[in-house]
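Undergrad: Letter by letter, the chains look like this.
2 protein chains.
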Amino acid sequence: MYSFEAGGKEKVVDTDVVVIGAGISGLCAAKLLHETGLDVQVLEARDRVGGRTYTVSDPGCGYVDLGGAYVGPTQDRILRVAKELDVTTYQVDTEQKAVSYFGGVHRSASFDDPSLLTNNPLALLDMNNYIQQTEKFSKQVPLEAPWNAPRAKEWDSMTYKEFIDKECWTSFAKKLLTSILGGLASCELEEMSLLAVLSSLASAGGFQMANAAQERKFVGGSMQVSEKIAALLGNRVVLSSPVMRIEQEETVAMVTTHSGQQYRAKYIISAVPPPLLHRILFEPPLPDMKIQMVQRMPMGSIIKTNTYYKTAFWKEKGFCGSALSDKGPVNYCMDDTKPDGTHPAIMGFILSTHAREHCEMSTEQRKQAVCKHYAEVFQCPEFLHPVNYVEQNWMAETFSGGCYAATLGPGVMTSFGRELRNPFCRMYFAGTETAVKWAGYMDGAVEAGERAAREVLHAMGKIPEDEIWQEEPPSVDVPHTPMAVDPLEKYLPSVPQLLYFLLAFLVLLIAVLCVYLL
Amino acid sequence: MYSFEAGGKEKVVDTDVVVIGAGISGLCAAKLLHETGLDVQVLEARDRVGGRTYTVSDPGCGYVDLGGAYVGPTQDRILRVAKELDVTTYQVDTEQKAVSYFGGVHRSASFDDPSLLTNNPLALLDMNNYIQQTEKFSKQVPLEAPWNAPRAKEWDSMTYKEFIDKECWTSFAKKLLTSILGGLASCELEEMSLLAVLSSLASAGGFQMANAAQERKFVGGSMQVSEKIAALLGNRVVLSSPVMRIEQEETVAMVTTHSGQQYRAKYIISAVPPPLLHRILFEPPLPDMKIQMVQRMPMGSIIKTNTYYKTAFWKEKGFCGSALSDKGPVNYCMDDTKPDGTHPAIMGFILSTHAREHCEMSTEQRKQAVCKHYAEVFQCPEFLHPVNYVEQNWMAETFSGGCYAATLGPGVMTSFGRELRNPFCRMYFAGTETAVKWAGYMDGAVEAGERAAREVLHAMGKIPEDEIWQEEPPSVDVPHTPMAVDPLEKYLPSVPQLLYFLLAFLVLLIAVLCVYLL
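Same order as they appear, the protein sequences are chains Y and W. Just add 1488 to the spot in the first sequence (first one is 1) and you have this note's numbering. Just add 1488 to the spot in the second sequence (first one is 1) and you have this note's numbering.
No lab work stands behind these hints, which were simulated from the structure alone. The beta-carbon is built from N, C-alpha and C at its ideal position, and this holds for glycine as well. Be aware that one or more of the hints could be misleading.
Listed below are several chain Y residues computed to face chain W (Cβ distance under 10 Å; list not exhaustive) [claimed, not checked]: (1) Met1646; (2) Gln1783; (3) Pro1786; (4) Cys1847; (5) Asn1881; (6) Met1883; (7) Gly1890.
Given these sequences and hints, build the entire structure.
TA: What follows is the structure, encoded as structure tokens:
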């Protein structure tokens, strides 16, 4: 995949800026710098661009996104970049009924109907209270510095699991929330700190936006964004070139790849996930806090699967194809039929512990496990007969380390969060993990890449400091129309409040009866 | 420090086994293989051997251990190796009174007197109960497979902080334990899972053994162990050679260093801390679970300091020099005067959050902060006037990543623990983190190194499988004489038990009174 010839004889390439990583973030950084007239070299370890987006074309599926794929309202940066490159979006089909399957119980309802999960009124109250509290707390987290939240230390010393256990009163809601949220995350709930989760939620703009983040996909696949930027940059993007070493001096930096090729640059932008920085030998060495940081932001555990069928028979049965479940291997699935109705398919995420437990199977075994799962969850044996199956095990990807993004355990955000964007000599840091809005998403990748590029422009004296961070105008094609929030949701009591209320009512009733009877 | 010349022109060196890392573990592996008549090459990234042990000689301090230094009873493997190399031990002076300083309260007492920490009887009961429970739980953790403990999943989904908060009834004991244990660990209590802590405790053989682990030091410093093994191995130990790439084929492995030098071997032993494996580019790539594991075992946060004074004036005041405190920068200190009374000194650990908060200071600033700390903790202004100060910031060490050892957050042990010693093609794994007994200590390093060497011997068909793991006879020089446990400690009630007892007594008293009076 990459060339191993020990080199050193090739001519050193001189450039203004070396960008490490040709994912969306690195390419957006390079594009901006290139458009400013600077010379850039983008070094990519893999033999393809796209990073954690990966579109495969194949007669059996047309094309399929085996990595980051979904976009939604307020993700205005990725929508702007895609539009500029003539990549359009379509809405994922979630019209019909979704399915839930927790603790062996099948339920089906429309996606935004809470009864999809349960009709136990206490559990619903409990879950509503959890949502209100979490949303309230997340609004207290400053996007650009979550470690400065008033209760940062407290929230960061608590796991997300601990928070749910404390916040919920009914064991049913506790179990259900743990299953659902654990199923949506790429690690177990105890592997994340509450502050890290609140910060992600704040970064996405709250529950409503986070829920809408899978509203759309790109026609033709998300990797086109990277491919089209790479086409603009031409031979400035160098594939199969993992960076091995970075030496920095006062005015210049030297980047050496594993093939021995050297690049001399004025500045460097790293656009790789935080733990991958650990793979590079730095001279001078990375500062102490960065050395420790790169060990503390592990990438999540995901196998993404797509299973193809002759027809979208689930739609005939009234199902949109979405299902949530606590039973492995697939935690969460959605319809992935093309917008024109071709290649009927179900996309399924194998996440966290399920991914770790299923990664040693063969692809064929996993395919069978996935189909069996769909047949059980949808109660529909037709799912046992796929016509095609593709998957991507992101945990096996040396140059990502996992997906969706870096996960932060207890204590990490408050101790090491401020290191994420902290420059190191002539080196600046992009990558979706360093974004303020939609961190961990493709949109955050664009924000981070463009911000890092402008940090370099500022360091070169080309733009003032107050131009580094820029607001993004809302997309006109994917407008953000906030759903009317049912005011009831905000004022519904929590379970303990309800119990107090019932108790107070009972006392009052007895008092009235006493007065009346005596 | 290391050579950067892109090479490839040097002759490939052929050998039986390449050992990566010339710390105690790697060198013990190499020594065993060398003694069996095999050809070994030890590749060390630094320009010295010793790894996380580091002894500096200097007229101002004689010699000083700036890394791993302490040994104690039942650490029979490191004691055996040291004895064989003519390295002797001496007992650290803890005869006189130790000091504790928590919440602004000074206390002093002998080291094993619980009143050193508090004389609040409820807090003492509470702490005793915590110790009994923790010890009981730790005995349920199988040393060789902590993930198989009956309650592994439950204990691994809980932080150590959460456990203390749940186990303790009095807020005073809760606060005190958090301070003490947080002060002794190299990360915050919420950064470790309960299972990981129980597993460490089991690996050390329980509280009594763990407490005695700092009983002794090596005369002349601990790095001598590595230096003397390296002297035996001669030019088979190659310094300043960070490994950049490992390619493995069916019968052979090729190891390439950053200088371009290549080593062709039948087997490889890695003796670097788990996160450092991430620094090597593997072909074939590391398997998925190992890629994820190396991102999830971060090294602790430590700055080790030694402060020298003209005389050991603290001893004249009745202090042995040991102090525990919740006030930074030093969490824990001990006398470090040489056994012959020369170079009077106090060794002080700056740990966890204190280390992270103090690492950006200059050495001079840290020295002043440390001396001011001692003056306050011992209430003794003479500490403000040191004659020498040396320190080692292990967080800044690229080729360790931190100290003492790898720390495991919630979820990691159950998901990834079994990957630690799992071989990969022709590669076996040593390093103290992979040890069963005394993992994280020098003794564990010896165990792991020798076990990995015997795994290679077994793979070569030279020894049967049941000889890989070997029991170690007890050291005769540092005998293990178990302290008599006060039986009271085992049968003292917990705080809730005491409350139930008092309540039952009260009910009984009232009943008796009623019978008597009516």
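Undergrad: Take the hints in turn and mark each one as holding or not.
TA: Going down the list of hints, with the structure as the test:
1. Met1646: With Cβ-Cβ at 7 Å, under 10 Å, it holds.
2. Gln1783: 4 Å, holds
3. Pro1786: 4 Å, holds
4. Cys1847: Cβ of Cys1847(Y) sits 5 Å from chain W, so the hint holds.
5. Asn1881: Hint holds; Asn1881(Y) Cβ to chain W Cβ min 6 Å, cut 10 Å.
6. Met1883: This interface hint holds because 4 Å falls under the 10 Å limit.
7. Gly1890: Because about 6 Å separates Gly1890(Y) from the closest Cβ in chain W, which is inside the 10 Å limit, the hint holds.
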